[in-house]
Every structure is written in C-alpha cells, then in structure tokens.
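Next come the chains, spelled out residue by residue.
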Amino acid sequence: MRRTARPRAVIAAALLALLAGGCGQPMPDHSPQELRGQGEIGGDIRFSWWGSASRNERTNEVADLFEEEFPGTDVKREAADWGNYFKRLNVQGAGRNMPCVTQLQARTLGDFTARDALLPLDPMIESGAIDVSDIPEPVLDTGRGPDGALYMLPTGAAYDALTVNATLADEAGAALPDGAYTWEDYADFLRAADAGLPDDIAPVNYQGGLPNFFIAYVEGLDQDLFDGQRLGFDKRLLADYWDMWVGLHEEGLTNSPAEVAEQPPSPEAGYVAQGDVMSDSGPGNALTPVQNALDGAHPGQEVVTLPLPSGPEGRTGNVLISSGMSIPRNCDNVPTAAAFIDFWANDERGGDTYASDNGAVTNTRLLQRQLDDPELPDLKKRELALYQEIVDRDPASLLYPPGYMAVFESAFSRAFDDVAFGKKTVPEAVDAFFAEANAGLAT
Amino acid sequence: MTATTAARPPRPPHTTRPPRTRRLLFGNRPTRNPLLRAIASHSVMIMALVLMLYPLLWMVGASFRPDNQVFTTLGLWTGDVTTENYTNGWGGGDQLNFSRFFLNSLTLTVLSIVGNLISCSLTAYAFARLEFRFKRTLFALVIGTLLLPYHVTLVPQYILFNQLGWVNTFLPLVVPKIMATDAFFIFLMVQFIRALPTSLDDAARIDGCGHWGIFRRVVVPLSIPALGTTALFTFINTWNDFLGPMLYLTEPDTWTVSQGLASFLDATGQSEYGSLFAMSTLSLVPVVGFFIAAQRLLIEGIATTGLK
Numbered sequence: 001m002r003r004t005a006r007p008r009a010v011i012a013a014a015l016l017a018l019l020a021g022g023c024g025q026p027m028p029d030h031s032p033q034e035l036r037g038q039g040e041i042g043g044d045i046r047f048s049w050w051g052s053a054s055r056n057e058r059t060n061e062v063a064d065l066f067e068e069e070f071p072g073t074d075v076k077r078e079a080a081d082w083g084n085y086f087k088r089l090n091v092q093g094a095g096r097n098m099p100c101v102t103q104l105q106a107r108t109l110g111d112f113t114a115r116d117a118l119l120p121l122d123p124m125i126e127s128g129a130i131d132v133s134d135i136p137e138p139v140l141d142t143g144r145g146p147d148g149a150l151y152m153l154p155t156g157a158a159y160d161a162l163t164v165n166a167t168l169a170d171e172a173g174a175a176l177p178d179g180a181y182t183w184e185d186y187a188d189f190l191r192a193a194d195a196g197l198p199d200d201i202a203p204v205n206y207q208g209g210l211p212n213f214f215i216a217y218v219e220g221l222d223q224d225l226f227d228g229q230r231l232g233f234d235k236r237l238l239a240d241y242w243d244m245w246v247g248l249h250e251e252g253l254t255n256s257p258a259e260v261a262e263q264p265p266s267p268e269a270g271y272v273a274q275g276d277v278m279s280d281s282g283p284g285n286a287l288t289p290v291q292n293a294l295d296g297a298h299p300g301q302e303v304v305t306l307p308l309p310s311g312p313e314g315r316t317g318n319v320l321i322s323s324g325m326s327i328p329r330n331c332d333n334v335p336t337a338a339a340f341i342d343f344w345a346n347d348e349r350g351g352d353t354y355a356s357d358n359g360a361v362t363n364t365r366l367l368q369r370q371l372d373d374p375e376l377p378d379l380k381k382r383e384l385a386l387y388q389e390i391v392d393r394d395p396a397s398l399l400y401p402p403g404y405m406a407v408f409e410s411a412f413s414r415a416f417d418d419v420a421f422g423k424k425t426v427p428e429a430v431d432a433f434f435a436e437a438n439a440g441l442a443t
Numbered sequence: 001m002t003a004t005t006a007a008r009p010p011r012p013p014h015t016t017r018p019p020r021t022r023r024l025l026f027g028n029r030p031t032r033n034p035l036l037r038a039i040a041s042h043s044v045m046i047m048a049l050v051l052m053l054y055p056l057l058w059m060v061g062a063s064f065r066p067d068n069q070v071f072t073t074l075g076l077w078t079g080d081v082t083t084e085n086y087t088n089g090w091g092g093g094d095q096l097n098f099s100r101f102f103l104n105s106l107t108l109t110v111l112s113i114v115g116n117l118i119s120c121s122l123t124a125y126a127f128a129r130l131e132f133r134f135k136r137t138l139f140a141l142v143i144g145t146l147l148l149p150y151h152v153t154l155v156p157q158y159i160l161f162n163q164l165g166w167v168n169t170f171l172p173l174v175v176p177k178i179m180a181t182d183a184f185f186i187f188l189m190v191q192f193i194r195a196l197p198t199s200l201d202d203a204a205r206i207d208g209c210g211h212w213g214i215f216r217r218v219v220v221p222l223s224i225p226a227l228g229t230t231a232l233f234t235f236i237n238t239w240n241d242f243l244g245p246m247l248y249l250t251e252p253d254t255w256t257v258s259q260g261l262a263s264f265l266d267a268t269g270q271s272e273y274g275s276l277f278a279m280s281t282l283s284l285v286p287v288v289g290f291f292i293a294a295q296r297l298l299i300e301g302i303a304t305t306g307l308k
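If you read the sequences in order, they're chains B and L.
Numbering-wise (the UniProt record's numbering), the first sequence opens with residue 1 and increments by one.
Numbering-wise (the UniProt record's numbering), the second sequence opens with residue 1 and increments by one.
Heads up, some of the hints might be wrong.
Heads up, incomplete: computed chain B residues facing chain L, CB under 10 Å, no partners named [stated by the list, open to error]: (1) 54; (2) 55; (3) 69; (4) 73; (5) 88; (6) 269; (7) 289; (8) 367; (9) 370; (10) 389; (11) 393; (12) 396.
Computed, partial: chain B to chain L, Cβ under 10 Å [said to hold, decoys possible]: (13) 31; (14) 79; (15) 92; (16) 94; (17) 262; (18) 265; (19) 266; (20) 353; (21) 355.
Because the hints were derived from the structure by calculation, they are not lab data.
Even glycine gets a Cβ: it sits at the ideal position worked out from N, Cα and C.
This is chain L alone, in the form it adopts within the complex (with noise of 0.2 Å):
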C-alpha cells in the first residue's frame, strides 16, 4: 500500500524542442492562437465530411425529384420538389411492398444477429479456454474457411438446402448462422476471450461454476464490446445482403429490402430511378441508427480485440 502511494511515475526526460518546420496555413511561425487552430482544423474536417456525404446528399435530394429530371443537375436541390417518388416506391404496385420487405429484413437480422451471438461466442469460448483433441487444426480449419470465397460453395449449398426443401423459406439464410459458419466473429471474439484473465474463470470454479456458468457469468459480461462489434457487423451485412436473398428468397411476399430496391432497375426496360433513391434512403436509416446506438460498443471492441 505504501509502496504503491510513495511511488511516483519518473517524469519525462527533458527533450529538446523539433526544429520548426515551414507552415504552409500561417507562415514560418505556427499560431499559438487556439481559436485559430480550431477554426483551421474544423473547416478541414467539414470539408471532408461534405465530401464524403456528397454523394450521400445528392441521392437524398435526387429522391425528392420527379423522376424524368433525378439525373439533370449534379446540384442537391432543383426547383421541383415531389414526394411521389416515396408514395409510388413504397407501394405502388401489386408487387412491390417495401412494408412487407422491411418487416422481412428485419427479420432476416434480428435472427441472424441472435444465431451469430450465441453461436460464434460458444465457439469462441471454446477455442479459447477449452482444450481438447484437434483444437489447433479445428480453429486452423475455421479461419481456413475465411479463405474459401463464397462463390465456390454456392452451387453446392443451393444443391444441399434444395434438396432439404428449404427454396424460398429464411432458412438457408438463418440456419448457418445458428451454427457458427462466421469465422470472422469467431476469430473475433477468440482474441477478445483470450485476453479475459484466466484467474477470473479460476475464481468462478472455486464458486462452484462449470464451464457453461463461467461462460454465462463472467465470460458474456466481460465481452460485451466483441458482441456489439458481432451484432453490428451482422446487422450491417444481412441487411445489405443482396445475392443470398436472390438465390432463395424467390417470391416477392419473402423478398428483403435490397431485392425491393434492385426491382426498380432493369438494363432491358424501364427503371424508376426516382423511388430507388426515395427506398435507398429509407433503406440507410435502420443502419445508421443501429450504427448511431452502438458505435461506443464497437470502438471499444475493435480496439480491445486487436483488430484494425
């Protein structure tokens, strides 16, 4: 204790100051002003932010064109303003019901989310405080399997799950995740368990813990950023999903989001530009406000997990 009090962290050896260099904003001398420099490094910061939503602005702003006009200006606002495009996109035709492809997206996720969450950590429990025969080149076959593009295993799946009977049902889309197939999150939370401090599993096995009670007890708690950073990468990337859903989600009542949005467009045909930019914009809004809510949790787990 009193070792701990006296000691004071040794200070600093004295440096001496870099020479100055020429500054391109203020001249040879660099301002000591704080205003100034933030004044500076603010108007650098917003001008690569409205860079970068540019694109995401002009798309907003196409949606509220008529339609025959969504491609006349690269400015973001003209003078005729419509909503139509929103009340056409949303359910214009007997086919098109984007109520039904949200509510099926987001089925799609939540399930998703809930089958990556339970499944890829007791995996990664596993891997990571387990031992067990074949351990090593069990986990080298997992992360082997992020090798493997998804398009060479295509044709087999579609094989397998037709012949299960499960073409245009959520099953093919839901089941793997139930069954921990998302090697990333796995290797995800592996690396994020095994930074957890085995004395913490030591002391809930003197409580009386076994390995499903130390998994619940100390393991869940303690990953909480790993799990945020999984759902929010589940969230984002079955919610964009495009060529899973094609493959087998194949009538309109089963259809998600991105197929709604991708049946405005057609190379051979007539495409409705206007209400894709009007149902692309409401598309973004589950995601950033997802993004929004949890974006401390997924800082934190990609900073605790060594992931860059």
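Okay, chain B solo, but in the shape it has when bound (with noise of 0.2 Å):
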C-alpha cells in the first residue's frame, strides 16, 4: 500500500506545482514615482508593432534613433502582420509578458483595458513624462477607456475613404461626389458611371458586409453604433442600409457576391488596385500602394481618395482610427517605456522617418512638417490632405467594447453574406445578427 502511495504522491505535488507555477505569474509593484513615469531611462525594453517589411524598416529606423538619443537604453523589436499580431498578443497578455511598449489600435483597446492589462497615462502626462500638447484633444480621447483614462498615446491617425478609379468614371462620363455628399448622391454617381463603364466592370464592390462602410452610414445619421457592451442602433437602421446594398446590386451597379468573397484583403491587391472595379471603400493611406498597383496592371489610370458618404443632414460619416502605444502593467521598466513613447509622439526626426506609415501622425506640428516637406511623395500628401479635410470636419470619437473585432465585425460580415448569397432575407439577417452581436459583446 506505501509503495503505491508514494509516487502517486509525488505525481500529484509536481503536478500542482507546475499548476501553482504557471498561474503564478507576478506582476511588477510600480512605485508611484514610475507610476508617472519618472526614474532613470535605461536598459531593456521591449516594443512591438504590426506591420510589412516596410513599415518595419522605417520602424527600426525611429528605434534606433530612440537609442542614440537616450544611450544605454536598447530597444528590443517584435513586428508581425496585423492578423498575427493580435493573436500573439492576446496570448502574451494571457501569459503577463506583453511588450513594455505595445502597439495598439482604438478598435483593439477594450480586448485590454477589459483585463485591466494596461497602465493609465495620464499620470505620466501630467508629470510631463509624455508630451502631448501638439496632439489635439478629440484625437487624444480616442485613446481613452470606458472610465475616462488614456490607456493608449494615439501616434497615427488612419480613416476609410471612397477609393475610386478617376479615369474609369471620366471615362464614363461620371462627375466624382463633391463635398459632403449623401449616400443617395453616391448612388447616383454609381448609376452614372454604370451607363458608359465597359461590361466586365463594376462600378462597386458588394459590400455591404464591410463594417467601415457601415460605421459611416451610422455615424452619418447622427446614431450610436454602441450602448455600452450593446448594439447602440436599432433594427430598422440597418435592415434599411442592407435593404440599400441590395438594391444597388439588383440594378447590376454591383459585382457578384462570390467576387467579393474572393477578394484578397490587402489594398493592392484588390478590385479596384487591379482595374476590375471602379469604387470602393478602403484605408485611406492604401492610397500609394493603390495607384502602384495599378499603374502596373493599368499605366495611365488615376485613382482618387474622397472622404466616405455623409448624412442627409450633412454630417460626416468618417471616423478616425488611431493608432497608438501603450504600457502593459506587467512592464517592469516604466520610465523607459514612457521616454520611448514621447520620442516617437515628440520627436522631429522619428516623424520624418516614419512618415505617418500607419496613418497621419496625430502630432500637429509634426504632420505640418511633412506637408511641407517638398520630398515628401505627392501621393502621401493627399493622404494627409484628407485627414485634415476629415479632421476639420469633426468626426465622431468611438468606444469600441471589448470583443469588436471577434464579434461585432465577423458577424456582421456573416450575416450580410447570408443575404447576399441568397440564404436569408434581410429581415431574417438583421435578426440574426442582433442576437449574435449582442449575445457575444454582452460577454
């Protein structure tokens, strides 16, 4: 009877203490001093960011600069794709070991601030650690939790835009929407352009899945697109912008569901990168990569960024989608973090490298400079150009819940695919899509 109990009492106790250890996971105790960010800027710290060799480039090149400028520190790179990143880092965050610098987007924050993974900023702002008077305030907010702190220093600021092929609508004879134009005005536009578009051409992808695009009509109606942990608009709202997409295909003024399927995510390599369709929504600094695309597959052709469909009541439907760095709590070198997140938000030389690679930076004297910058690519500056045009306009700040991007945007794509596939009817599809949203962001 000893002998069997033994072993099996020394296999249970190493199972608990391999169990004890991996939930054991401590976090630093900040002092209140880094708490502000204060003390000695040195050593190790870690950043990571999302990105294509590229922006890669570009980005080690700011880090770099960050280790001249403040000797005996030594920044250590983790890049991956947008799609890859997030899954790492969620795993990192499970596991307590996010990067002392990560970068975030304001569609990602609550996955975070939901865990209480991050630190607040704003001590370290007000102990003028981090700088952030040439970053104006509407765009700070969109780095805020749902208690009000800044958890995330936006450092780029990217929107969608209505990308369409100038020299296709030319073509056809269609005047591209000017100003604040409605959604009815588009539509217009689009029929226009189907008259005298060649056959094999679409005048615009089927998208009514794309949830940017639906953002746009929501914010356009002066509507919450969240209540909390809720969906903030009704039924009818939406059945209403599905009932839209259906009928602009059933004019023929779309491709087929089945194109749109097929369509590969990254800008250059979609519809209208490649000449096959004439408009679309898409980040508005996919311009360059755009046109390059295109000027390989159609030499001669133009492509052109406008700001998304308004309201009828002339309100912008654009959002911004920032960009921006944060502190994870399991940091252990906070000051470091926090000189490294100033530099890149600060700092003349890093905004000139990176040349807002991953929208426009959110620095006003920054983003002055390269405007003025008469290197700077013509193409670049109209993607800043439209930012200003968009800011000026005084788009609308989102909180986005915890769990957006893994519910809100796969089930909206789902649903509408229902409808566009013949699956469902719209009613049916709107049906299901509540239930799934709510159930899903309500967790």
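Mind docking these for me? Both chains are given alone in their own frames, and the hints should help you get the complex.
Structure representation (structure tokens):
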C-alpha cells in the first residue's frame, strides 16, 4: 500500500507545483514615481508593432534614433502582420508578458482595458514624462478607456475613404461626388458611371458586409454604434442599409458576392487596384500602394480618395481609427517605456523618418513638417490632406467595446453574406446579427 | 523441402469475361493497341498534373514579374521579367535576412527530427514490447492527446515556457520533441513495431541482448520505413510551422522562413507580393528535395503501418 501511495503523492505534488507555477506569473510592483513615468531611463524594453517589411524598416530606424538619443537603452523589437500580431498579443497578454511598449488600435483597446492589462498614461502626462501638447484633444480621446483614463497614446490616425478609379469614372462620363455628398448622391454617381463603363467593370464592390462602410452610414445619421456592451442602433436602420445594398446589386451596379468573397484582403490586390471595379471603401493611407498596383495593371489610370458619404443633414460619416502605444501593467521598465512613447510622439527626426506610415501622425507640428516637406511624395501628401479635411469636419470618436473585432465585425460580415448569397432575407439576417452581436459583446 | 518445391499454387478458376460496357473514348470495342491505351492514360494523367501544378507554376512565374504586375494576368509568363524580387526579398531590408531565416528553420527542423526519432521510437518500443502497469491506460492517454486541439494548450504552454525563461529561444519548439509529445508518430511506430515478429526479440535475448540491445540492434534497423515517415512528416510540419515560431521566436534574428514570408504582407500597409512569391518558391526547394529523397521510405512506411 505504501509503495503505491508514495509515487502518486509525488506525481500529484509535481502537478500542483506545475499548476501553481503556471498561474503565478507575478506582476511588477510599481512605485508611485514609476507610475508617473519618472526614474532612470535606461536598460532594455520590448516594443511591438504590426506591419510589413517596409514599415518594419522605418520603425527600426526610429527605434535606432531613440537608442542614440538615450545611450544605455536597448529596444528589443517584435513585429508581425496585423492579423497575427493580435493573435500573439492575446497569448502574451494571457501570460502577462506583453512588451513594455505595445502598439494597439482603438478598435482593439477595449480587449485589453477590460482585462485591466494596461497602465493609465494620465499620471505620466501630468508629470511631463509624456508631452501631448501638440495632439488635438478629440484625437487624444480615441485612446481612452470606458473609465475615461488614457490607456493608449494615439500616434497615428487612419481613416477609411472612398477609393475611386477617376480615369474610369471620367471615361464613363460620371462626375466625382463633391463635398459632403450623401448615400443617395453616391448611388446616383454609380448609376451614371454604370451607363458608360465597360460591361466587365462594376461601378462598386458588393460591400454591404463591410463594417467600416456601415459605421459611416450610422455616423452620418448621428446614431450610436454602441450603447455600452450592446448595439446602439435599431434593427430598422440596419435593414434599411442592407436593403440599399441589395437594391444596388439588383440594379446591376455591383459585382457578384462570389467575386467579393474571393477578393484578397490587402488593398493593392483588391479589384479597384487591379482596375476591375471602379470604386470601393478602403483605408485612406492605402492610396500609394493602390495607385502603384494600378500603374502596373493599367498604366495611365489614376485613383483618388474621397471622404465616405455623409448623412442627409451633411454630418460626416468618417471616423478616425487611431493607432497608438500603451504600457502594460507587466512592464518592469516604465520610465524608459514612457520616454520611448514621448520620443515617438514628439521627435521631429522620428516623425520625418516614419512619415505617417500607419495613419497620419497625430502631432500637428510633425504633420505640418511632413506637409511642408518638398521631398514627401505627392500621393502621401494627398493622404495627409484628406486626413486634415476629415479632422476639420469634426468626426465622431467611437468607444469600441471589448470583442469588437472578434464579435461585431465577423458577425456583421457573415450576416450580410447570408443575404448576398440568398440564404436569408434581410429581416432574418438582421435578427440573427443582433442576437449574435449582443450576446457576444455582453460576455 | 520436398513439399515446398512440389507444391504448386493452384490455378485460379476459369472465370467468364465480364460483359462489355460502352467505352466513351473508343466506342464499343476497347482498343487493344497498347500504344493508344498508353497515350490516352498518360494524357489524362498529364492534364491532371498540370491542373494540380498550375497554382505552383503561376506562383513561380509571378515571382519573376515586377511587383506591381504580379496580379495582372492568370497566365504563367509575361513580357517583363525581373529577378529583383529574389534580390530584394533575400536581404532587402535591415530586418529581412533570409540566409538567417533558412538557417534558423534548418536548425529547428534538424533538432525536431532528431528529437522525434529518438523519443517517439523509444516510447513506441515501450508500448509495443514491454509489459508494465497502466500500460493500456497510458497508451490511451497518449492517443487521447491527439484529440486535444493545439489551441487548448496554447496559453498554459506559453505561461510555462515564459516562466522558464525560454521565450525567444528554440527551446519551446524543440524540448517537447525530445519528450515524445507527438502522439501521432508514437502510434505510427507502435503499429509498425507490433508487426515485427517477437521471435527476433527472443533470438536477440538468447544472444545476450537486453531491451536496449533489442531496440538498437533489432527494432531500429527493421523500422527504417516508419522512422523515415516520421522524419519526413516532422520535416514538413516543422518547416511549415508558423504559429509556434510566431509565439516563441519574437526577435527577427530568431525568425524562421515562414515568419519571414509573413513579413511581406500586411492588410494595413504596403505588401510585397513579388518578394513573397520569390521567397515562397525558394522555401519549397528543401521540402520538395527532402520528399524526393525520402519518398521510398514514406511509401513503405505508410504501406506497412496500416495508415491510410
């Protein structure tokens, strides 16, 4: 009896030790001074961001400049593309091993504030460790959590824009929408273009399932997208929106749902960039790669970006999608992390080097420097000019609930696919979406 | 002796020819011309091969096009040919260094193969040949891990390896291989070893071998097809693995080829499809080469372990 009990006890003890070890990842105990971002600047910090090779190169150059500015610091860099970045960050967050400076986006911020994984940056701003005097207050607000504290310092502001092949529109005899055009104006533009476009080119992608397009519709009507952890708009509004898209499709103004499903996600591989569709909604800062791809596919054709459609009262549909930097609670070198964020947000050499690669730089002084730079490519200047135009129209600041991307975006696209492929009627799909989104966001 | 030489295998019973069915290609009468039959069957096979290889050939063709013309055609070849994608992709930026990525992938793959071969074959020998308490229960547990999705253990594993200070080293990806955690290969080798006659073990035991001697001198030499299959699958799995390296190898110096390839794309910025296709083409070379070298072992291994 004793011979069997002993090994079992040893195995059980080993398992318990393993479990305890796994659950017991300690958090650093920050002093009040550290929480204000004050202290010695030096040693290692890890810094993570998303992007491809070209953005990685610029980011590395800025990190090198920081190391030059603060001798004795060493920035360990961790990059990944957008989708995989957040997969890894979620695991790192669960393991309390997020990098000291973690890049986040307003749409994903809620996932981390809900877990209490981030340090508030307000004490660091009050102490002067991070200077935000050149960042407009509405832009700064996009980095706040539900409690009003600032958890992410917005360093770049992206926006979605209507991307139009201006050459095709011109050849079809359709004048580009102007000023604060409405959804009805946009539909008229598509109808006018359709009459003159070649048969194999659709005026618009069948994008009723694109969340950013819908957000513009909701914002234009001055409705709330969210009410806390629930949807803030009513079913009638969504049904009207999807009915509008079904109507455009039935008029022959869109391509097929199958074609839209096959479209690759990166803008330069999309149908507008390949000259197969005249217009679509896309990231405003993708103007340069889209034009570059169009130059290869159809030399001589020109693409332009316009604000998204406005509401009937002229209210802008555009919202700013800010990206920025946060400091997680597990960071054990807060003063250096704060110094890095301050450097990134304010240093002119860093701003010039990064050149608004991930949305327009939020620091107005750095933005003006880039606009005044004669060497900045014209397309990049057009991206920044449209950003300024959108900011001037006072876009709404959205507070995205936790699970926005995992629940809202995926459920929205799937529900519209059911309509587009004829599996559900619009009212059925609206009901299904509301049930899934409200249940998912509430948990 | 006499009995074996005198006995002749019985003739198969005479069977009536099955009724002719209508042939689509050659009418009612099947052709007896072997040349025509060979041409027909080979044509069908070549067409199937071209269909299957077309995406691969398109990727190779696209890797020689200028970056902004990659998606301009579904054809295999265009007028503008460039090798820039290869030079830019191989080491175009300060973070991109495919020499390093290939070396990292190779190191990781070799260590994984060695680890899996040693640990899985030893474990399989124990389950196939030894008698010990709870053997069936333990084997069921090992096989049960096949039902456990990787994502279930992802976070606990990460926490454990992070506590051990192994993040950003090869250890989280290699050490589990040394601990026989790949249940599929254990199962494969157990099946193979069970098929080996135990009389060989008895003969070795009479000659003075212990378990280690039997394993080393009898079982391993006879299990080459199963070991080859294990090595090949481990090679392919490790070479193509992305999730594991992405989680544990965070700094660019430690990246593998699959991470390097992913760095060419990003939905929020500028992607480089030309370089992606160029490096993807190069990354296939070791896999194809290893498969060609080990395909005989793979086929034998699959045929003799009852795997379908």
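Quick rundown of the hints versus the structure:
A distance limit of 10 Å between C-beta atoms decides the matter here; for residue 54 of chain B the minimum to chain L is near 5 Å, and the interface restraint holds. Evaluation of the residue 55 of chain B hint against chain L yields a held restraint, the C-beta minimum of about 5 Å falling below 10 Å. Below 10 Å, beta-carbon pairs count as interface contacts, and residue 69 of chain B has none with chain L, the closest being about 19 Å; its hint is therefore violated. The restraint placing residue 73 of chain B at the interface with chain L is violated, with a minimum CB-CB distance near 16 Å, outside the 10 Å limit.
Hint status for residue 88 of chain B relative to chain L: holds, with the closest Cβ pair at about 6 Å, below 10 Å. Hint status for residue 269 of chain B relative to chain L: holds, with the closest Cβ pair at about 6 Å, below 10 Å. With a least beta-carbon distance of about 5 Å to chain L, the hint placing residue 289 of chain B at the interface is held under the 10 Å criterion. Annotation: residue 367 of chain B was flagged as interfacial toward chain L, and the flag is violated, the nearest CB pair being 19 Å apart, outside 10 Å.
For residue 370 of chain B, the suggested interface contact is broken, since its CB lies about 17 Å from the closest CB of chain L, more than 10 Å. Hint status for residue 389 of chain B relative to chain L: violated, with the closest Cβ pair at about 21 Å, above 10 Å. Hint status for residue 393 of chain B: violated, given a least beta-carbon distance of 23 Å to chain L, over 10 Å. Taken as an interface hint, residue 396 of chain B does not check out: its beta carbon lies about 21 Å from the nearest beta carbon of chain L, beyond 10 Å.
Contact between residue 31 of chain B and chain L, as hinted, is not supported at the beta carbon level, the nearest pair being about 24 Å apart and thus beyond 10 Å. Annotation: interface hint on residue 79 of chain B holds; nearest CB of chain L at approximately 7 Å, less than 10 Å. Among the interface hints, the one on residue 92 of chain B holds; its C-beta lies about 8 Å from the nearest C-beta in chain L, closer than the 10 Å criterion. A cut of 10 Å between beta carbons decides the hint on residue 94 of chain B: the least distance to chain L is about 5 Å, and the hint holds.
Hint status for residue 262 of chain B relative to chain L: violated, with the closest Cβ pair at about 12 Å, above 10 Å. Interface restraint check: residue 265 of chain B against chain L, minimum CB-CB distance 5 Å, threshold 10 Å, status holds. Residue-level restraint check for residue 266 of chain B holds (minimum Cβ-Cβ distance to chain L is 5 Å; threshold 10 Å). Checking residue 353 of chain B against chain L: minimum C-beta separation of about 13 Å lies over 10 Å; hint violated.
At its closest, the beta carbon of residue 355 of chain B sits 12 Å from a beta carbon of chain L; the interface hint therefore is violated under the 10 Å criterion.
Violation of the numbered hints given earlier is confined to hints 3, 4, 8, 9, 10, 11, 12, 13, 17, 20, 21; the remaining hints are satisfied by the structure.
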